[in-house]
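Protein chains in written order, with this note's numbering: chain S, 1 to 230; chain U, 1 to 230.
For the record, the hints were derived by calculation from the structure and aren't laboratory data. Where hints are given, some of them may not hold.
With a Cα cut of at most 20 angstroms, we get these calculated EDC-like pairs of lysine to aspartate or glutamate [what the hints assert, rightly or not]:
{"#": "1", "chain 1": "U", "residue 1": "K40", "chain 2": "U", "residue 2": "D17"}
{"#": "2", "chain 1": "U", "residue 1": "K40", "chain 2": "U", "residue 2": "E82"}
{"#": "3", "chain 1": "S", "residue 1": "K40", "chain 2": "U", "residue 2": "E82"}
{"#": "4", "chain 1": "U", "residue 1": "K40", "chain 2": "U", "residue 2": "D58"}
{"#": "5", "chain 1": "U", "residue 1": "K40", "chain 2": "S", "residue 2": "E177"}
{"#": "6", "chain 1": "S", "residue 1": "K40", "chain 2": "S", "residue 2": "E12"}
{"#": "7", "chain 1": "S", "residue 1": "K40", "chain 2": "U", "residue 2": "D161"}
{"#": "8", "chain 1": "U", "residue 1": "K40", "chain 2": "S", "residue 2": "D161"}
{"#": "9", "chain 1": "S", "residue 1": "K40", "chain 2": "S", "residue 2": "D21"}
Ranges between beta-carbon positions, derived for each pair [as the list claims (entries may be wrong)]:
{"#": "10", "chain 1": "U", "residue 1": "D58", "chain 2": "S", "residue 2": "L24", "range": "58 to 66 angstroms"}
{"#": "11", "chain 1": "S", "residue 1": "Q57", "chain 2": "U", "residue 2": "E18", "range": "51 to 59 angstroms"}
{"#": "12", "chain 1": "U", "residue 1": "T101", "chain 2": "S", "residue 2": "R125", "range": "49 to 57 angstroms"}
{"#": "13", "chain 1": "U", "residue 1": "E30", "chain 2": "S", "residue 2": "Q103", "range": "41 to 49 angstroms"}
{"#": "14", "chain 1": "U", "residue 1": "A124", "chain 2": "S", "residue 2": "G102", "range": "50 to 58 angstroms"}
{"#": "15", "chain 1": "U", "residue 1": "R61", "chain 2": "S", "residue 2": "G47", "range": "47 to 55 angstroms"}
{"#": "16", "chain 1": "U", "residue 1": "E30", "chain 2": "S", "residue 2": "G197", "range": "22 to 30 angstroms"}
{"#": "17", "chain 1": "S", "residue 1": "R204", "chain 2": "U", "residue 2": "S209", "range": "22 to 30 angstroms"}
{"#": "18", "chain 1": "U", "residue 1": "D31", "chain 2": "S", "residue 2": "D58", "range": "49 to 57 angstroms"}
{"#": "19", "chain 1": "S", "residue 1": "R208", "chain 2": "U", "residue 2": "E18", "range": "30 to 38 angstroms"}
{"#": "20", "chain 1": "U", "residue 1": "R62", "chain 2": "S", "residue 2": "A69", "range": "35 to 43 angstroms"}
Part of the chain U face toward chain S, derived, beta carbon under 10 angstroms [as the list claims (entries may be wrong)]:
{"#": "21", "residue": "V5"}
{"#": "22", "residue": "P6"}
{"#": "23", "residue": "I10"}
{"#": "24", "residue": "P15"}
{"#": "25", "residue": "E82"}
{"#": "26", "residue": "R143"}
{"#": "27", "residue": "E177"}
{"#": "28", "residue": "V181"}
{"#": "29", "residue": "A186"}
{"#": "30", "residue": "A188"}
{"#": "31", "residue": "A191"}
{"#": "32", "residue": "V201"}
{"#": "33", "residue": "A206"}
{"#": "34", "residue": "D207"}
{"#": "35", "residue": "V221"}
All C-beta atoms in this analysis are idealised placements derived from N, C-alpha and C, irrespective of residue type, glycine included.
Residue-level listing of the chains:
2 protein chains.
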Amino acid sequence: MISLVPVAGIPEVRPGDELADLVLAAARLEDFDVLVITQKVVSKAEGRLVPLDPADQDARRRLVLSESARVLRERDGLVISETRHGFVCANAGVDFSNVATGQAALLPVDPDRSARHIRDALRARTGLQVGVVISDTFGRPWRSGLTDVAIGCAGIAAVVDLRGTKDAGGRELAVTEICVVDEMAAAAELAKGKATGIPVVVLRGADRSWFRESSVRAEVVRRYEQDLFR
Amino acid sequence: MISLVPVAGIPEVRPGDELADLVLAAARLEDFDVLVITQKVVSKAEGRLVPLDPADQDARRRLVLSESARVLRERDGLVISETRHGFVCANAGVDFSNVATGQAALLPVDPDRSARHIRDALRARTGLQVGVVISDTFGRPWRSGLTDVAIGCAGIAAVVDLRGTKDAGGRELAVTEICVVDEMAAAAELAKGKATGIPVVVLRGADRSWFRESSVRAEVVRRYEQDLFR
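Go ahead and model the full structure; you've got the sequences and the hints to work with.
Right, here's the structure in full:
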């Protein structure tokens, strides 16, 4: 059984805040919990904020392009690009949802490192073995609606061989590799429901064999030359 | 809070079986539960099985092409195509994992209808208001590892506006549309963990406002001409 509990009571996050402390003040953790943390609060804690005039569409586009390694498509003001991390998403992951306040939030420089930092701080303070997933909301081709995916992780496998069985023909090997951190990010989104401003969800019940060192960048980001759709 | 409980004890499914009866014999349901059911057992119950010689790679490819409306990519024996439902996936969703037994399983003809049938049967037998999601395991471009997504649903919204807030500039409207049935399919996969042969997971705690008539085909499948990546 898996349970997903939204963590209420985390205050507005500011640059320099230690997210581990904010989480521990608001939630009671156990061994083998996975904390799914929204990118926006990680970016805020890390000070990844830049001033942006909400009325200046050109400045907005320049910011997106400066965060992009490669533009894949551009139409009607929407830029789909590859970030320096290798993520393909809208607007290079730049979060404009607070832009009315004159600031946009950029993705963390290294979300796996951000996750490790939070996991290490949680472990130092509690001695618990926990996993951390940093989530963001991405679109995808071919299917309408967005889903939350993992952009960084620590202490929990990103991709695991869930089925463990292979077809006699040898062809089904590939389909046993499940991206569990993306599934955790998606599950956590459901637990927030209509509650806005809940930046952390505690996922309990993940298979204990999944707790190991890991990285979204190494395990999930597909290398350019391996991809059939760029 | 969301909980996900795998349903143990469902026997091997055969053509003609009524899945609602098999689920009710194995699980105690409540109002506003969502049943996430693996495609494979739905296809089996509906008799969507075809004979296939596991050694005959040409027959395998012919079967995949016959289930495809349009081939997008083909490389190293892997066909990425669009099914008649509009799903883009490997091998047109044909399940070869039992091919050693001389049979392959095709996708349901209309997975939304399959979901409605199961939901209607559950309601007729129990009077409960439940949602049904039929899940399958798909790859995706740009990210390694597979995740479970919804191929059919009934009684539960496919896409909902979770955030409900719009940027003053009007540009963030699109990013509030969350594909909750895909997130439910992903979450259910986690609950199965390493247990093989668990075809049903009960998701409890979904927002009650999401329970309504719906369809993956109408809400999730993106029309060909609206897609930037075909």
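Hint by hint, here is what the structure shows:
1. U:K40 with U:D17: 13 angstroms, holds
2. U:K40 with U:E82: 19 angstroms, holds
3. S:K40 with U:E82: 35 angstroms, violated
4. U:K40 with U:D58: 23 angstroms, violated
5. U:K40 with S:E177: Holds, at roughly 18 angstroms.
6. S:K40 with S:E12: 11 angstroms, holds
7. S:K40 with U:D161: 19 angstroms, holds
8. U:K40 with S:D161: Answer holds: K40 (chain U) to D161 (chain S) is near 19 angstroms, not above 20 angstroms.
9. S:K40 with S:D21: 17 angstroms, holds
10. U:D58 with S:L24: 58 to 66 angstroms: Since the Cβ atoms of D58 (chain U) and L24 (chain S) sit about 60 angstroms apart, the hinted range of 58 to 66 angstroms holds.
11. S:Q57 with U:E18: 51 to 59 angstroms: Check passed, 56 angstroms falls within 51 to 59 angstroms.
12. U:T101 with S:R125: 49 to 57 angstroms: 53 angstroms, holds
13. U:E30 with S:Q103: 41 to 49 angstroms: 44 angstroms, holds
14. U:A124 with S:G102: 50 to 58 angstroms: For G102 (chain S) against A124 (chain U), whose Cβ atoms are near 57 angstroms apart, the range 50 to 58 angstroms holds.
15. U:R61 with S:G47: 47 to 55 angstroms: Holds, since R61 (chain U) and G47 (chain S) (Cβ atoms, about 53 angstroms apart) stay within the stated range.
16. U:E30 with S:G197: 22 to 30 angstroms: 29 angstroms, holds
17. S:R204 with U:S209: 22 to 30 angstroms: 25 angstroms, holds
18. U:D31 with S:D58: 49 to 57 angstroms: 52 angstroms, holds
19. S:R208 with U:E18: 30 to 38 angstroms: At roughly 36 angstroms between Cβ atoms, E18 (chain U) and R208 (chain S) fall inside 30 to 38 angstroms, so the hint holds.
20. U:R62 with S:A69: 35 to 43 angstroms: 40 angstroms, holds
21. V5: Holds. Min distance 5 angstroms.
22. P6: 7 angstroms, holds
23. I10: Hint violated; I10 (chain U) Cβ to chain S Cβ min 17 angstroms, cut 10 angstroms.
24. P15: Cβ of P15 (chain U) sits 22 angstroms from chain S, so the hint is violated.
25. E82: Since chain S brings a Cβ to about 8 angstroms from E82 (chain U), closer than 10 angstroms, the hint holds.
26. R143: 5 angstroms, holds
27. E177: 5 angstroms, holds
28. V181: 9 angstroms, holds
29. A186: 4 angstroms, holds
30. A188: OK, holds: A188 (chain U) within 10 angstroms of chain S, min 9 angstroms.
31. A191: Cβ of A191 (chain U) sits 5 angstroms from chain S, so the hint holds.
32. V201: For V201 (chain U), the interface hint holds, since the closest Cβ of chain S sits about 9 angstroms away, which is under 10 angstroms.
33. A206: With Cβ-Cβ at 7 angstroms, under 10 angstroms, it holds.
34. D207: Check passed: Cβ of D207 (chain U) comes within 4 angstroms of chain S, closer than 10 angstroms.
35. V221: 7 angstroms, holds
Hint violations for this structure: numbers 3, 4, 23 and 24, all remaining hints satisfied.
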